[in-house]
Structures are given as C-alpha cells and as structure tokens.
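Asks: In order, the protein sequences belong to chains A and B.
Start counting the first sequence at 1; every next residue gets the next number (the numbering used here).
Start counting the second sequence at 1; every next residue gets the next number (the numbering used here).
If you are wondering where the hints come from, they were derived from the structure by calculation, not from laboratory data.
Careful: at least some of the hints might be erroneous.
Unchecked claim - Straight-line alpha carbon distances no greater than 27 Å define the calculated DSS-like cross-link-like pairs of lysine-lysine that follow:
no., chain 1, residue 1, chain 2, residue 2
1, A, K301, B, K85
2, B, K9, A, K301
3, A, K352, B, K9
4, B, K82, B, K12
5, A, K224, B, K82
6, A, K301, B, K2
7, B, K82, A, K301
8, A, K66, B, K34
9, B, K85, B, K34
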Amino acid sequence: MKLKTIIFAAVASLIASATHAQEIAVAVPTDTVFILNSLLFLMAGFLVFWMAAGFSMLEAGLVRSKNVTMQLTKNMGLFGFACIAYYLVGYNLMYPLGTWASEGIISGVWGVAVLEAVGIDAAGADDYSYASTGSDFFFQLMFCAATASIVSGALAERIKLWPFLIFTVILTGLIYPLQASWKWGGGFLDAMGFLDFAGSTVVHSVGGWAALAGALILGPRIGKYTKEGRTVPFMPSNLPLATLGTFILWLGWFGFNGGSQLAMGSLGDVADISRIFANTNAAAASGSIAALILTQILYKKPDLTMILNGALAGLVAITAEPLTPTLGSASIIGAIGGVIIVFGVPFLDKLKIDDVVGAIPVHLFAGIWGTIAVVFTNGDASLTTQLYSIIVIGLFTFIASAIVWYVLKVTSGIRVSEEAEITGLDISELGMPAYDIIK
Amino acid sequence: MKLIIATIKPFKLDEVRQALTESGVNGMMVTEIKGYGSQSGHTEIYRGAEYAVNFVPKIRLDIVVSDNEVDQVISTIESTAKTGKIGDGKIFVLDVEQAVRVRTGETGDSAV
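Bound-form chain A, shown alone (with noise of 0.2 Å):
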C-alpha cells in the first residue's frame, strides 16, 4: 500500500514536469512550431487562393450571358496583376517589419519580396520561431487578390478591359497594401488598438469602397434605371454558376479566417482555429436564412441572388472577429449581415448606384457591421476606436480610388461605347462569346 502510494507520487511528479517540460518547449523556437506555421498559411493561402473561382463563378452567373467571357477575362487579369504588384511594392509596403518612413503610417521599405534561400535550415530561417518568409507572403499575397476581386463584379458590363486592370494595379499594389499597413503591418490603428481579425473591414470594406467609387464614377449600366426612376431588372446568365461561386467562396473563407490565426504551433491555436472553421461556418449559413425568409415575407417567393448573397454578407461579417463569438452569436452576427442585403440592394438601386453582382451591401456594408459587431464578443474592442478605423481607411480607400478612377476617366476613359455595350462586351471587346463558340 505504501509502495503503491510512493509509485503512484512518482509517476505523479513525472507527469508534472513532462507537462512543465512541453509548456517550455512550446515558448523555445522549434521545427515543429515553424513547420504547423507555415504549413497553416500553406494550406490556408490556397484555400484563400481558391475564392479567385468562386468570385468568377459568381461574377460569370450573376451578369446578363453577353458579358460572361469579359467578366472571366477581368477575373483572370486581375489576378494575374495583382499578384505581380504585390509581389513589386505591395509585400514590403504592408508589412514595413518596424521600418517606417512615417512612424505608423508609410512604410519605409520600398522594394520587391524576397523570399528565404533555397534549403535553408533553422540558422537560415528568416524568423524561425515562426514561419518561412514564403508561406507568409502567399497567404497576404491571397488576401491582397481577394479585395480586387470584390470591385470587378460591382463595375461588371460597362467598363473597359484595361483601364479597370490599371486600376487594379494601383489597388493591390498601393491602396490595400498602404491601409493595411496601418493595421496588419503593425501601424497607427493597431497601436490605437483597432480589431479586424480577418478583415471585414481591412479586406472587405476596402474592396467596396473602391468598388463604390468606381460605380458612382462609371455611372449605371444603360437602362438600368429608367426615367421614371424605376429599377429595371436584368436578368442573370446561369444561376447554377453562380452558386457553385458561392459554395466555393464559402470553402474558401475557412482558409481566410481560420488562416488569420497566424499560428498552428500549439493545442491553443488548433483548438482557436477549430473555433474560427465553425464560427465562419455557422454566419454563412444564418445569413443565407435570413436572406430566404425576408425574401419570402417581402417578395412573396424567395429570390436565389439574394439568399448567395446573404451567405456572403455572413461570412463578410464574421471576419473581423471569428474567434471570440459562441456558435449563437455568430450566427446571429450572420444574420444581421443577411439582412442588410436584402435591404442594401434595393437601397443602392433606389440611389440609381449599379452595383451587378452586389458587391457594395455584400462587403461594404456587412463589412462595416462586422467591425462594429466585434465589440459586442470582444472585450479588448472599443467601439469609438472601431468606428474611427472604418472612417479612416474607408475616408483613405474612397478618396483614393475616386482620383484613380477620375484620372482614367479623363485619360483613356473608363467606359465601353453604347453600341459595345447594347451589343454585349463579349462580341464587341473580345469576339468570343462565352456559350456559343461556333456562330
């Protein structure tokens, strides 16, 4: 019995300072910890990288079938560019590591990404308490490509191929990389101790108020809006497609939010990270509910476009804080986000803004809701430092793309002629239409 008592102590003891030993292990930097890392933004950044689909489908299903070809072709190019400016000065100008030009504001690292040498070990290691240089810069990379994606479909079937790529450059390589300095690069808001986890507002909202300004610029589609100031509807080309879209970008959104964890190297960031995947999950699905039964209380029949895009606005709403909510909660942020869609749509329509695809209500407005929703499941957040990071990056993003748009409008100009864009973009810009090669 004794014996038993003294074995039982030991083994006791033995645990105890194997469990010490770990919890040291985890602070000492080790491959384990730098591989998890990286291995989170690997898999997370192409799931990030798979929502380029899903904005496609989306895009090529919601826009009349004579534009299908040019909005993929947009889809395509954008990514291609923005990948291109991110890697030239977006990279560095977002994540200044420290080095300012203007102390919280510029970043003073002006230069292409470098990545780490080829078969490097623990010495060779950019950061090897954390995560190799290459993983990082993928996984930004894809966040930086989404918020382009959001502008294509609000400006879809009337502007010109070129100068929205222009623009794009511009926005990937400049804008979002400049504003999401301020808080992801370590800068003024985040000193202030603004909170966007994933960023409804650093990602989302920055996408539509580009994509806001670029609509009021552009002006309407021709007979969108009749005289009587009625709102004439056109129809969408292929709702199976721009279903799929909405499947895909909601797969997606795991990798964005889950990704957003930043670490996988502990029991505390896989549990955290599980908590983002059904958090994430459960606003899509409470916004696309919403969207379906306001849509059959209002309208009588439930409208599809709608119910995609409330899934979106969930999703959208979650992202500046995925983590600290219960399941309740945020589905209840979720559904909120729904219901902004189904009356931001017809809101923008009544203020004759053209937005195809509803991109503006989907990530602007469900993205100003989420940022303010952190408050209510995170203590850390204040509401008045909230408020003023939407006000600041969104006065910064307006203004910013309103001089880029207005300048191309004045120089190359922005918009297709009346007779390309009756005729349709595919026949007249590209000669391809997008079903029906052989006439």
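Guided by the hints, dock chain B onto chain A, whose structure is given.
Replies: Just chain B now, with coordinates in the frame of chain A:
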C-alpha cells in the same frame, strides 16, 4: 375537316395528349409559344425590383380532324386542360380545304 388550334398550360400537355389519344386522335402538332390574353401577363420581383412578365409560356396544339370528331376533341381538351384559374387557354376551330398524305397521295378525311 377542321383545324383545331388550342393553347394550353404547358404542364397540362401530357394529360391532354393522353386523353386525345384515347379518344381516337391519331396525330397532332405541338409548339412551345409565348403569349398573353385577358390577364395580360403578371409581375415578378428580382433583387427587390418589380418587373412585368408580358408573355407567358404556353403550348399550342394544332389538330386536324374530320367534322364529326370536332365536338368530341373540343370537349376532351376543355375537360383535361381546365384548372379553373386564369390562363387555362383558348380553343379555335377553322375550316380545312384539303389534306394530303405525302407518302400515299391519299386526300381528305383518310389523309388525317
């Protein structure tokens, strides 16, 4: 001989065709059409904006029968295509001067 032109609701096509076949009608021509009558279309809502659907999808049947079959065919179409709601369709009857079966050269009632 008479030509019976009937417009019916598309979902009633199978029922009408089956009833006509059972009553001895050997053939018919079917066309997918769009049109409107006294109710002149209806409205739908897309993304919060109301719009008018002026032309409603219908099925048009063209059936040529001998004079003594006309009443039977009309009453069959009437009873099977009827839902009692707006948009059930219309039936028109026209005289047919001649009919020819291309393969045999038969004419008149024996050609239909």
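Asks: Next step is simple, just say for each hint if it's right about the structure.
Replies: Results for each hint:
Note on A/K301 and B/K85: the hinted pairing holds, with a Cα-Cα distance of about 20 Å set against a maximum of 27 Å. Our distance criterion of 27 Å between C-alpha atoms is met by B/K9 and A/K301, whose separation comes to about 21 Å. With a C-alpha separation of about 38 Å, the suggested pair A/K352 and B/K9 falls outside the 27 Å cut-off, and the hint is violated. Of the supplied pair hints, the one linking B/K82 and B/K12 holds, its CA atoms being roughly 9 Å apart against a limit of 27 Å.
At most 27 Å may separate the alpha-carbon atoms for a hinted pair to count; A/K224 and B/K82 exceed this at roughly 39 Å. Restraint check: the Cα-Cα separation between A/K301 and B/K2 comes to about 43 Å, which exceeds 27 Å; the hinted pair is violated. Distance hint between B/K82 and A/K301 is fulfilled; the C-alpha atoms sit about 25 Å from each other, no more than 27 Å. For the suggested pair A/K66 and B/K34, the alpha carbons sit about 23 Å apart, so the restraint of at most 27 Å is met.
Annotation: proposed proximity of B/K85 to B/K34 holds, straight-line Cα distance about 18 Å (limit 27 Å).
Of the numbered hints listed earlier, those contradicted by the structure are 3, 5, 6.
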